[in-house]
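Student: One letter stands for each residue in the lines below.
There are 4 protein chains.
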Amino acid sequence: MSAEPSVVRPRVGVWLIGARGSVATTAVAGCAAVTAGLHPPTGMVTETPDFADCGLPPLSALVFGGHDVVDCPLPKRAEALAAGGVLPPGLPSAVHAELAAADREIRIGGPLPGDTRDEDDLVESLASDLRDFVGRHGLARAVVVNVASTEPVPTGSALPASSLYAAAALRAGCPYVNFTPSAGLHHPSLATAAGSSGLPYAGRDGKTGQTLLRSVLGPMFAQRALAVRAWSGTNLLGGGDGAALADPAAAAAKNAGKERVLADTLGTVPEGEVHIDDVPALGDWKTAWDHIAFDGFLGTRMVLQTTWQGCDSALAAPLVLDLVRLVARAHEAGLSGPLGELGFYFKDPVGNGPAALGEQYARLLGLAERLRRPGGRDGVPEVRR
Amino acid sequence: MSAEPSVVRPRVGVWLIGARGSVATTAVAGCAAVTAGLHPPTGMVTETPDFADCGLPPLSALVFGGHDVVDCPLPKRAEALAAGGVLPPGLPSAVHAELAAADREIRIGGPLPGDTRDEDDLVESLASDLRDFVGRHGLARAVVVNVASTEPVPTGSALPASSLYAAAALRAGCPYVNFTPSAGLHHPSLATAAGSSGLPYAGRDGKTGQTLLRSVLGPMFAQRALAVRAWSGTNLLGGGDGAALADPAAAAAKNAGKERVLADTLGTVPEGEVHIDDVPALGDWKTAWDHIAFDGFLGTRMVLQTTWQGCDSALAAPLVLDLVRLVARAHEAGLSGPLGELGFYFKDPVGNGPAALGEQYARLLGLAERLRRPGGRDGVPEVRR
Amino acid sequence: MSAEPSVVRPRVGVWLIGARGSVATTAVAGCAAVTAGLHPPTGMVTETPDFADCGLPPLSALVFGGHDVVDCPLPKRAEALAAGGVLPPGLPSAVHAELAAADREIRIGGPLPGDTRDEDDLVESLASDLRDFVGRHGLARAVVVNVASTEPVPTGSALPASSLYAAAALRAGCPYVNFTPSAGLHHPSLATAAGSSGLPYAGRDGKTGQTLLRSVLGPMFAQRALAVRAWSGTNLLGGGDGAALADPAAAAAKNAGKERVLADTLGTVPEGEVHIDDVPALGDWKTAWDHIAFDGFLGTRMVLQTTWQGCDSALAAPLVLDLVRLVARAHEAGLSGPLGELGFYFKDPVGNGPAALGEQYARLLGLAERLRRPGGRDGVPEVRR
Amino acid sequence: MSAEPSVVRPRVGVWLIGARGSVATTAVAGCAAVTAGLHPPTGMVTETPDFADCGLPPLSALVFGGHDVVDCPLPKRAEALAAGGVLPPGLPSAVHAELAAADREIRIGGPLPGDTRDEDDLVESLASDLRDFVGRHGLARAVVVNVASTEPVPTGSALPASSLYAAAALRAGCPYVNFTPSAGLHHPSLATAAGSSGLPYAGRDGKTGQTLLRSVLGPMFAQRALAVRAWSGTNLLGGGDGAALADPAAAAAKNAGKERVLADTLGTVPEGEVHIDDVPALGDWKTAWDHIAFDGFLGTRMVLQTTWQGCDSALAAPLVLDLVRLVARAHEAGLSGPLGELGFYFKDPVGNGPAALGEQYARLLGLAERLRRPGGRDGVPEVRR
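Chains as they are written, first to last, in my numbering: chain A, 1 to 385; chain B, 1 to 385; chain C, 1 to 385; chain D, 1 to 385.
Among these hints, one or two may not hold up.
Same chains, same label: a pair holds when it works inside one copy or across any pair of copies.
Derived SDA-like pairs (lysine to any residue); straight-line CA-CA distance at most 20 Å [claimed, not checked]:
| no. | residue 1 | residue 2 |
| --- | --- | --- |
| 1 | K76 | R301 |
| 2 | K76 | G90 |
| 3 | K76 | A97 |
| 4 | K76 | P113 |
| 5 | K76 | R104 |
| 6 | K76 | P88 |
| 7 | K76 | G340 |
| 8 | K76 | R260 |
| 9 | K76 | C54 |
Hints were generated in silico from the structure; no laboratory data involved.
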């Protein structure tokens, strides 16, 4: 938004794992739409005034590519999303060129059924795709973002697919963001490589609905000394995510993040379960109902209920763009390791930050301040170009 | 909780305007119940660890009295509240002595129908009741708290009743808290007296339900750059408050506070109305429904709904006890003027503090810190005893 | 759907008062879409098997026209509805021809601002439009349906606009349906003419959301002998209807119908209010929240809440098509006067029928039976052709 | 209500399986409270005018006893229910005598842990308790009602406990009502005995909340030709029932009944799951949330949500009293076999009746009519005394 005309900002790559999914498609289409002035940047925190002059790459500097194992072209996927009300009617044709360009940069990921390559070969192959992408476009850097369907919690010693992609990001020297509850860079066998890579990374599991609410309601109850007795929730969602999370093992990964927010903000884990139902009729729309039974003064029983009806892709996509910009800038500024200041975006953040949204927001503003004064005494080191 | 056995803490008066109402009755009964260990101090923020060692008067040091124009004795009122589920069954008899003691300290307020006294006579009469109370019990100080039914917005030049009581507090040298949206000390003709009194004061309109929620949800939408299009609300409540607020003029006073929270946290006033319905069948129980229509990325329409079912008296009473303790301690510590650090408790706070609950809580903790180190460099002056 | 190929069914006119509004546009577009097989007839009761062989005019036999005082062409109005999600994207262009044809049959209604014609002239002018329409298309008959914005409750002696249109229907010999709470044919000064016209008529105020729900929930509470203490409701809606009903006088007309359902099904009028808020951000989408406080055994307090999120035009349009077909057939079969058997469709039905939806449905099936056996002993007289 | 003073109505036994549970305790206490005029008979359908003069046994003629395997005395259980808000405070002491009298008639049921009796011995022992009860009090008859916790769906060939009790009822010549989803008299191995017993019976699984709602909402959607796409539900409840139904096998039995209502009223089984969560903090209070996604005209997506907050015992107890009176009278009038006319009360009714509540109510009124004219041509045979 604010790049001076005389300076050519280097272009930044966005490499999406799950590049043909709803979130990825919405991110690509939305970036193009906002860049073209077709829509305001609603939902993008990095477009608010507090983030001006932080040196973030402009949306127009982002170049999209990624891995996926399905082959539905992005323009066609965008049409399907528009038919389901996720994208505005007319948008897919308005940004057809950008969708087609991103589609050309999508490579088949892995492991594929019957794949005989060993883990190292696979990682090398994926990393090679990344290096090619960076080289082909002369990118300053590329940020890898996992927006693929949630995996089951891994049980054996084999690296799950999400961790293979994360290993490839490390090998190719790319910062990494895990927007899902899958293992990704969190896998124990990647800990050493992540630590020595000198790369910044962030995650995990984007906080877009029920958990976002919980991260403001939990602190409210705690600050008011009200005793939460039971916190129950039901999520209804269709789309691929609904089907993936109908698998109890995948849901377990997701629910761990949801419960962490309550435990951290309430200081205790209340009674109550969380259900995730696959309801194909709802498509990409998600409804989350929460029922919170709490005690007031003298044990008086009270109840708060919330119903959140949102479109998951539309909630996630602007956060993905935010994260790419922030992590790319952090990389440019020489930051490395877990970016705890990005806990604002995640259910289960890396690092040891606060769990209340307000405090997370304050830390995010602190990061913005650091990125704004890269040479300052308390800031990040001078940017190396 | 924390008074050392060797130090006799001076007793502190709590003078309640509307002393026979639901909130007052619950505060008196609840203070006794918590002091006796019958119930934990749920809902009392000043009983959380952050407020230990701040020199707050212990609950056992509070002595209750007040003004009212009805004559139903407190023990009988408490029985009615227990029948309605507001107080636990059995509590009224368990704390009968304390209720009866407080009841003996209640004086008829004014102006009464056909009252021929002029304003100054009335104020003097009310102030005299206060001075008698303080003297009779040898109190270190007494805090006046308005918990009477909401008045209509005053139109003429005559002081409304709530302001007569506030003027009496000033005249008797008592700190003042306005827990209602009535004018109280906010009346323009009291501004000079309030400023020169050297007394601390706080208000107005306790934040107990719908507005409490709005003070955490509004910041959430703002921090996430989501565009709130319309915020609509309906409140159903019985009890005296329901009837009082069915008067559009009284509701107007209340709604101004509710809207201020949205305007301050969202930076804009969205579409939508707020209704307050008198539903006698609900008694002291309040149900607040909020419907928030917001836009996400690319203009996607989303909705959050909340339903809050609470007991107003049980929500308000612990906050009243908190405020009495904090304001009494602030007075002891020599603070004067509007206590903006207490914005956490109010819909429409005095002073220029933040509107987001999390930031208000941080300021409240700051006040606790100041009260803890009264002689410190940045703290309040040494306490004069 | 079921007309035998060898019989040419006569064409039937549908004359819509408010012919360029959302409901009318959706009815015209939807009739064309269902006729063309683009969509199933969801929401049309007359397309269920119970109504086969009743001699109803097929959808393909309906010819649309009407009065309105705005001049936005129907195809353009349909595009606006599609942009707001009321019509499916693509539908306006798919049925452009039918929309344009109907648009050519729309005449300016009245009275217009500054209109100097007296009531009789106005009625004659409107009736003349109707006769021209019937003659121009060689229609067997035309049914007049009021789907215009709700009028305020009339206060003076002058006929409100809705009653002028109703008088014109009588004068032109057309059956009449009042889908709104406006006076229409209910005006006292039209009673004699309605009674002697020999025409069937139906109304008033289509039951599409909150009241539909109430007409099944009210009987449930009554049949279970549960004591409803308070029934409160809030409606949020945008579009023209929201603005019209923000006028308290217009809302009063609407709310009378809503309350009648409760009074008739519960046998008593519970506490509680109904609000209708104009929320332009919601467009044609309506959200209705109901809160029902009821007592169970031994006075136990319980609560039911409902939230209905619907698109008013999509709910109303299929009922309008149902009513046109049923009333046209009733006219053909020689029925006259108030059609109480159509109470299923209305908040405030003509005649003395039941208020519970299930019983109304049974009566509707009874009408279907009568229409199926026109010469039967208990049925309607032989159809005159 | 209506027994003529000159006629001594014979007394009727109520033998409750689960006689010390919440439902049983509420039924006993409530029957006494209503008989004594302490409370109106809210929730008792048989006390409405349509059931006068049907010869139902008056409440004052009911004598309570039953089986249970726990030994908490009824008066103490009632105190616990009052503390939890299920019974009014003060009621347990007001009806202490009746509670104590019923408690004296409770016998230990079986099979107990380590029980070595075979099935026939057990049944004989239970039947013997029943015969003793009838003889000791000189009862005209006794109705056995199963209100025990839900059993898992039986898998092996052994009779589950609920069926042992049902077999005992048959052997003792007592009509039987299954208010739970447990097998009871539905067990295949009891089919012959039930058929040849000449006894009337009813069941199963009382319809008290979510399914009650579904039985009026399902027909509404069907009658309006709206296409239900997905119907999802979550139940939160504490008390013993919550814990019992947290067992997936027990929940399966319950959910089958819930789904049957949708299948029967919609004509199709929509997408969606039903969850039953054990939330001990809620005690006997149950919250049921339903989310219904449906399509309107032209495929427009709409949503209805309902939240039901009720006290299960207070909802069930008056129905239990209704059923006892109706089944006792049916037995007196010589009716036998499955009483399909009582489908109004059940999730999964015996016989082949309708599933819509309104139609079920009409059939119930039909039964009342039959019972009113026992000698009539279409009625039940003359009563044998």
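Student: Decide, hint by hint, whether the structure agrees.
Tutor: Against the structure, the hints come out as follows:
Taking the closest pair of Cα atoms, K76 and R301 never come within 20 Å of each other, the shortest separation being 52 Å inside a single copy and 23 Å across copies. In this homomeric assembly, K76 and G90 come within 20 Å of each other (Cα to Cα) both inside a single copy, at 13 Å, and across copies, at 16 Å. Within a single copy, K76 and A97 get their C-alpha atoms as close as 12 Å, which meets the 20 Å cut-off; across copies the closest is 29 Å, which misses it. Within a single copy, K76 and P113 get their C-alpha atoms no closer than 25 Å, and across copies no closer than 51 Å, so neither meets the 20 Å cut-off.
Only within a single protomer do K76 and R104 lie at most 20 Å apart by alpha-carbon distance; the minimum there is 13 Å, versus 38 Å between protomers. Taking the closest pair of Cα atoms, K76 and P88 come within 20 Å of each other both inside a single copy (14 Å) and across two copies (18 Å). Taking CA atoms no more than 20 Å apart as the test, K76 paired with G340 passes in neither setting, with 37 Å inside one copy and 52 Å between copies. Proximity of K76 to R260 under the C-alpha cut-off of 20 Å is found in neither arrangement, the shortest distances being 38 Å within a copy and 40 Å between copies.
When the C-alpha separation of K76 and C54 is checked against a cutoff of 20 Å, the pair qualifies neither within a copy, at 36 Å, nor between copies, at 45 Å.
The earlier numbered hints that this structure contradicts are 1, 4, 7, 8 and 9.
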